[in-house]
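Participant: One-letter residues, chain by chain:
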Amino acid sequence: MRILVVEDDAILRDGLKVGLGIGGFTADAVETCEEAHAVLKNHEFDALVLDLMLPDGSGLDILKSLRDRRDDTPVLLLTARDAVSDRITGLDTGADDYLGKPFDLDEVAARLRALVRRAAGRSRSVLEWRCLRLDPSSQAVEKGGEAVRLSRREYSILHALMIHPGQIFSKRQIEEKLYGWQEEVESNTVEVHIHHLRAKLGSGIIQTVRGVGYRLGEEP
Amino acid sequence: MTSISRRLFLILVLTTGLVWLSAVVWIFLSTRAEVERVLDARLMEAGRMVSSLIVSQEISVDRAKGATAEIPVRVHSTYDRQLSCQIWSLQGELIGRSGGAPEEKLAEHADGFSQTEIDGEQWRVYAVTNAELGVRVLVGDNLRIRDGLVNDVIRGLLLPAMLILPALAGLIWLSVRRGLAPLNRIAHDLEHRHASDLRPIEDVETAKEIVPVLQSLNGLFARVAGLRERERNFTAFAAHELRTPLAGLKTQAQVALASEDRAIRDQALRQIMVGVDRTGRLVRQLLDMSAIEAREQEERGAIVLPGKILRSLAAELADPSRQVTIDIAPELDRIEFAIEPETFTLAARNLIENAVNHSPSGSVVRCRAGAEDGVVVIEDEGPGIPEDELPRVTERFFRGRNKVSVGSGLGLAIVELALGRSGWRLKLENRDAGGLRAIIAQ
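Chains A and B supply the protein sequences, listed in that same order.
Residue 127 in numbering that gives the first Met the number 0 sits at position 128 of the first sequence, with consecutive numbering throughout.
Residue 61 in numbering that gives the first Met the number 0 sits at position 62 of the second sequence, with consecutive numbering throughout.
Hints are computed from structural coordinates only; laboratory data are not their basis.
On a predicted model such as this, the values are computed, not experimentally measured, just so you know.
Misleading hints may appear alongside valid ones.
[What the hints assert, rightly or not] Derived SDA-like pairs (lysine to any residue); straight-line CA-CA distance at most 20 Å:
1. B:K402 x A:E34
2. B:K402 x A:E30
3. B:K402 x B:G279
4. B:K402 x A:T31
5. B:K207 x B:I3
6. B:K104 x B:M43
7. B:K426 x B:S360
8. B:K249 x A:E34
9. B:K402 x A:D13
10. B:K249 x A:D103
11. B:K402 x A:P54
12. B:K249 x A:S186
13. B:K249 x A:G56
14. B:K249 x A:D13
15. B:K402 x A:H42
16. B:K402 x A:I21
17. A:K40 x A:W180
18. A:K63 x A:T31
19. B:K249 x A:Y97
20. B:K402 x B:S360
[To be verified] Per the computed footprint, the stretches of chain A lying under chain B, defined by three or more beta-carbons under 8 Å from a beta-carbon of chain B, are:
21. 14 to 21
22. 91 to 105
Quick reminder that beta carbons are idealized off the backbone N, C-alpha and C, glycines included.
Start from the sequences and build out the full structure, keeping to the hints where you can.
Facilitator: Here it is, written out as structure tokens:
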């Protein structure tokens, strides 16, 4: 799951980025509204963590322009203010959830998972597809009741495919989910990770749609 | 504690009593004089009357000779009884006397009034000598009875006074209570107020003597309310501003706990160290700010030698790790500043801290005297402040584009507030050579 963190406090921003990374997310972080606008134009995210008070404006401005573009990316607001009116304004502007500072990192992660899940139209947190079972909260994957150990990248690919079963993901879309925009991506990494996934889960699980991308396979 | 109503009551009762008392004394004296005058006149008249009766032969002196004749005097009132009459021959024989008159001679003097004492009784006697018939008529008044008369008059005055004075005291008490009712109402109003209720006291039906008190009281309320408002704002500010750094600290702590990667853990712990320093500085600045806000306008009495203070600040604030040094110009030891030392220290500390934090490694922060008199200039070689942000940098918690990680957005706000309270001001401008110039000016 790729997350964009917009927060001006350097220590908190770094903490969220690293902490969400440990929690199985791929997190990018920016400091200002300007940067956020630029990044959002060129990249897709599964969810946004948005601070309300930014040096060059309000997080609500980012939220508004996002919703004006009919972008439904789930947004979790962070704010130091406690006033109910702030929360109402935030939620009415189109935010999906709200957390007051100081918060618990695990709670941020849990809320983000819930937001992504609901955005995909699901209510259960555990993803199941045929004999596969993926629990986002513990990042555990089982096949036919037996635990399968996956690397972080492999888990991310499988999570993306399982949360939207049937949808075809291009190689670029998968790369986006795997790497922050500051990270270097080697040209054939996606293929390598898919290869490893097939080796661990069985070759029929992920189907290659020629010229388009990948999706969960239709085993005969 | 003195009670106004008790004092007023005592004053009013004492003065009223005193006026009554002097009235009584005055009436006593004048009544006595008047009674004496009237009775003397009666005595004189009676003496002459008796003398003339003898002359007209209605009372025969001869008849009275040998045996003392009783002059028939009708007894029907105390006034009649008190008059005593004696008729003496010039040879000293008692010719006649009225009933109740002593047998002893009332007086020895010739004509006119005199006062004598017979058997312990005081008498006022009038004497008329009738040389023709050779008799002397003495008419006397018993003074005890006279005094009784005056005393009756005074008693007649005092008795109602004794009855009226308590009633008067009661009335005075009621009037005082009524007169002080607005005060009691205000006291009652204040007594039943909650500590946070700082509404002005309404001055309906208030006597105009109390209005100044009410106005000062309401003024005080307004000032206290203002102070409380500022404190509340400050608390809200502080709570708000501390939440983000606390969230950062907690998140980094959780990262340190959750990560199995040593490099990530160390980085998180380093971030926590920086965060604690920064939060500590923020707390210090918040306290400075609230201390300045609580201060009243300062008098510009104290004299400060900026050189000494700046040097001690420089020793504390220079950053050897980045080779940022602070240079204090020697002329600063020769000028004097009319400002409270704490205020100057606070302002200079924040300005130097800002300059050092924004200075590139290996640069110098310069403190010098300005071209005008009594002005201190602090210059750095940092990025300066974008022109469009200059008017906003002294706003609380404003952090511009060229911010540093330790910045709280409070430093310049504190400087401006502290200087403002002392009648000084802060000027900020970008230097042509790059960097910021902060000027403490009149």
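Participant: Mind checking the alpha carbons of K402 of chain B and P54 of chain A for me, to see if they're no more than 20 Å apart?
Facilitator: holds (10 Å)
Participant: Can you confirm whether the C-alpha distance between K249 of chain B and S186 of chain A stays at or below 20 Å?
Facilitator: violated (38 Å)
Participant: For the stretch 91 to 105 of chain A, do at least 3 residues have a Cβ located nearer than 8 Å to some Cβ of chain B?
Facilitator: That given contact holds, which follows from 7 residues of the stretch 91 to 105 of chain A lying within Cβ reach (below 8 Å) of chain B.
Participant: Would you check the hint for K426 of chain B and S360 of chain B, treating anything up to 20 Å between C-alpha atoms as holding?
Facilitator: Measuring from Cα to Cα gives roughly 25 Å; hence the hint is violated.
Participant: For the pair we were handed, K249 of chain B and E34 of chain A, check the Cα-Cα distance against 20 Å.
Facilitator: violated (25 Å)
Participant: For the pair supplied as a hint, K249 of chain B and D13 of chain A, confirm whether the alpha-carbon distance does not exceed 20 Å.
Facilitator: holds (12 Å)
Participant: Would the pair K63 of chain A and T31 of chain A pass a check requiring their Cα atoms to be no farther apart than 20 Å?
Facilitator: holds (15 Å)
Participant: Going straight from one Cα to the other, do K249 of chain B and Y97 of chain A come out at no more than 20 Å?
Facilitator: holds (18 Å)
Participant: Has the given pair, K402 of chain B with G279 of chain B, been kept, meaning a C-alpha gap of at most 20 Å?
Facilitator: Judged against 20 Å, a Cα distance of about 18 Å means the pair holds.
Participant: Taking a Cβ-to-Cβ distance below 8 Å as contact, does the stretch 14 to 21 of chain A have at least three residues touching chain B?
Facilitator: holds (count 5)
Participant: Would the hint linking K402 of chain B and E34 of chain A be met if the CA-CA limit is 20 Å?
Facilitator: Roughly 16 Å separates the two Cα atoms, so the pair holds.
Participant: If you draw a straight line from the CA of K402 of chain B to the CA of H42 of chain A, is it 20 Å or shorter?
Facilitator: Given pair K402 of chain B, H42 of chain A is violated - Cα atoms ~27 Å apart, limit 20 Å.
Comparing the model with each earlier hint shows violations of hints 7, 8, 12, 13, 15, 16; every other hint is respected.
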